[in-house]
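**Student:** So you can see what is in the structure, the chains are spelled out below.
Number of protein chains: 2
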Amino acid sequence: MAEALNRIVVIGAGFGGLEVAMRLGGSAAQVTVVDQRNHHLFQPLLYQVATALLATSEIAWPIRHLLRRYKNIDVLLGTVVGVDKDAKTVQLEDGAMLPFDELVIATGARHAYFGHDEWEPFAPGLKTLEDATTLRRRILTAFERAEREADPVRRAAWLTFVIVGGGPTGVELAGTIAELARNTLPGDFRKFDPADARVLLVEAGPRVLAAFRPELSDYAKKALGKLGVEVMTGQAVTGLDAGRVVLGGEAIAAETVIWAAGVQASPAATWLGVAPADRAGRVKVEPDLSVPGYPDIFVIGDTAMVMSEGKPVPGVAPAAKQQGRHVGTTLLSRLTGERTPRPFRYRDQGSLATIGRRAAVVDFGWIRFRGGFAWWMWGIAHIFFLIGVRNRLAVALSWLWIHTTGTRGARLITQRDPEARDR
Amino acid sequence: MAEALNRIVVIGAGFGGLEVAMRLGGSAAQVTVVDQRNHHLFQPLLYQVATALLATSEIAWPIRHLLRRYKNIDVLLGTVVGVDKDAKTVQLEDGAMLPFDELVIATGARHAYFGHDEWEPFAPGLKTLEDATTLRRRILTAFERAEREADPVRRAAWLTFVIVGGGPTGVELAGTIAELARNTLPGDFRKFDPADARVLLVEAGPRVLAAFRPELSDYAKKALGKLGVEVMTGQAVTGLDAGRVVLGGEAIAAETVIWAAGVQASPAATWLGVAPADRAGRVKVEPDLSVPGYPDIFVIGDTAMVMSEGKPVPGVAPAAKQQGRHVGTTLLSRLTGERTPRPFRYRDQGSLATIGRRAAVVDFGWIRFRGGFAWWMWGIAHIFFLIGVRNRLAVALSWLWIHTTGTRGARLITQRDPEARDR
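So the protein sequences, as listed, match chains X and E. The opening position of the first sequence corresponds to residue 688 in our numbering, with each subsequent residue numbered one higher. The opening position of the second sequence corresponds to residue 688 in our numbering, with each subsequent residue numbered one higher.
Quick caveat, the hints were computed from the structure, so don't treat them as lab data. Incorrect hints may have been included.
In silico DSS-like pairs for lysine-lysine, Cα to Cα no more than 27 Å straight-line [unchecked claim]:
id: 1; chain 1: E; residue 1: K775; chain 2: X; residue 2: K878
id: 2; chain 1: E; residue 1: K775; chain 2: X; residue 2: K775
id: 3; chain 1: X; residue 1: K908; chain 2: X; residue 2: K814
For reference, chain X alone in the conformation it holds in the complex (with noise of 0.2 Å):
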């Protein structure tokens, strides 16, 4: 019987689901690690991609490569359409079917456009490599259609980037949009000064980085303001189509908006056919992470709802991560028979952000720190946590060369924009 238990299937190799294979590896278990992307992807540097700083393959590595040392561990490249939790298999796009004994969904999230689906062509979100680059292209393409438009107004609306969302990605990608227009790309252009382009960052409710205290907050929404960026807070967006924001009232001309509110959990839930948990659609969880009534189903990180010393666990990575450790050791202990089931608890590590290239805030709960030392500090963590020393001394060569030189290294616009000959 021993060898029927074995057969633990992983959704998803996010940080969440890639601690729960390691954690695996080399053990008696006998994993299937299935992702329809061939790699794990470095989500809180995206923006830096997005905005040209690093280029993909700096924050991104295949995931069978991450786990090739591990010879108890499969890793399939696959779409995954259904699970059938009685069965006990997972179905594949293909029509293949996974058997499992033990299951792990780790699948996340996507932007979530809170019932205007239809906004998402206009204001684009960024969770994948594929985000980042239709984001750098679309953002690069706008300055080079400022230069061809001869129009002051049509102009300005090129060069108005809107980026709806206060929260970290919000923050990080106004803050490196400004620093784009005002520091790297002032002299690549002849007729209008990129530095004239506005930013703006539109937050729903009433301050920017609300996960934050309300000093670092103000802090953040200053450094904003100093880089150029126009916060705007307590304004929501009501109207989106194309080249038009509309917030409250007002109509604003921008080509560029990019979308940093809200997620969506994977449709986890569905899968399960359970009811989802809240608004963004994730599936509650049991204190060890499983689901109610499938003790050998587990749901982690930003697709479980999961509560942890009576407050819910938030959806950043350093929680998924912990959730993946949590369930990865359940599932160790069990290959001894062990099946006491054991409460997950989330361990706060703090919270950073930072705000262009100078300044950033950290708060751990006990300390916070803000400004330059800060965003050492937020640097310093991000290399450490990035896999493979080559891809740290990258990251940091890039940072380095940034810093001191204010080119950007990945100011590539590829892909073909379709819409691009209509417009």
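Chain X is already provided as a structure; the job is to place chain E on it using the hints.
**Tutor:** What follows is chain E alone, placed relative to chain X:
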């Protein structure tokens, strides 16, 4: 009248066009460089992006950044659709017209399928960054598919790579794909040994690297054989469709076929309303590189059919650069009123090609090298010709890393394959 003589339009910012622009930088001419991409591409290393050795941003740079210091040069991102050689205007796709006093067409070439354009979807070529990331996706996906495939015959088809064309690009692709399969990937897969992959290099002519001396062709063939590449000379492709390539009468099941045979010049001849000079569609030019009857319109690089000392100038990067420099100098001297046409003379600087990451062939005409020493010469030459300190450093580090560890940093499957769902 000096004012009216000044407007120079350069179409294309490849090796030739960029050289023209740089020569005219800081002069009294008012120069506009038009390109349909925002980046200049170091094409000789494109195969290394296709085979996951280098990242896209290591071999491409924004054109306007390269030319930023020259205030007399405008850079436009735009697609040329026609030239009115009598009214002296260039038409862009969006309806804009660029008037010129002098025009330089340096629009390069695409791959040619010799009247079989229907083969292109099944055997993509390698000319742009998108081509390279598409090829990278196809090559890496083939190994992923092999891991998923239970049928040994179908699996063998996923593990068969056919490169059509035995010129430098074909030889370099075949060598690096063989190394990817034999050195980089083993250990990453569970269901098969990547070293079992077949890499076939198919050449219609009697030998590979036909532009080199026969003894270097022989050496290249042997070196490829050592890497596990099957070299098939005297074999023309007679049929090609999804998963199948026909050589003579024999059909080979291969899911990845890459086209590295033959080039087709850009449609400059059509724009100019002249008969193309050869099957590749190139424009025959005068000894000074101007179009017959139109002394103010020049065609250079892969688009031009030029004779030098009785022999046609080859379609290689150094020839395009020399032509660009020649036309740039001609246009500079015209600014001072000098209008005597100066004939272009090609200086052959030798030919280089690598076979994997240990061997190369170098042919200077008067002296030839092969093997490891030639590889180092090739590497140093290419790093030297890369633009910018940072890129030289990045490429040198990437190569050093790959050389010492055997891992490749850019093994990312990006873009979704629209065909993948159907097959």
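**Student:** Work down the list of hints and note, for each, if the structure agrees.
**Tutor:** Here's how the hints hold up against the structure:
no.	hint	result
1	E:K775 x X:K878	holds (23 Å)
2	E:K775 x X:K775	violated (72 Å)
3	X:K908 x X:K814	holds (24 Å)
In terms of the numbered hints stated before, the structure departs from hint 2 and from no other.
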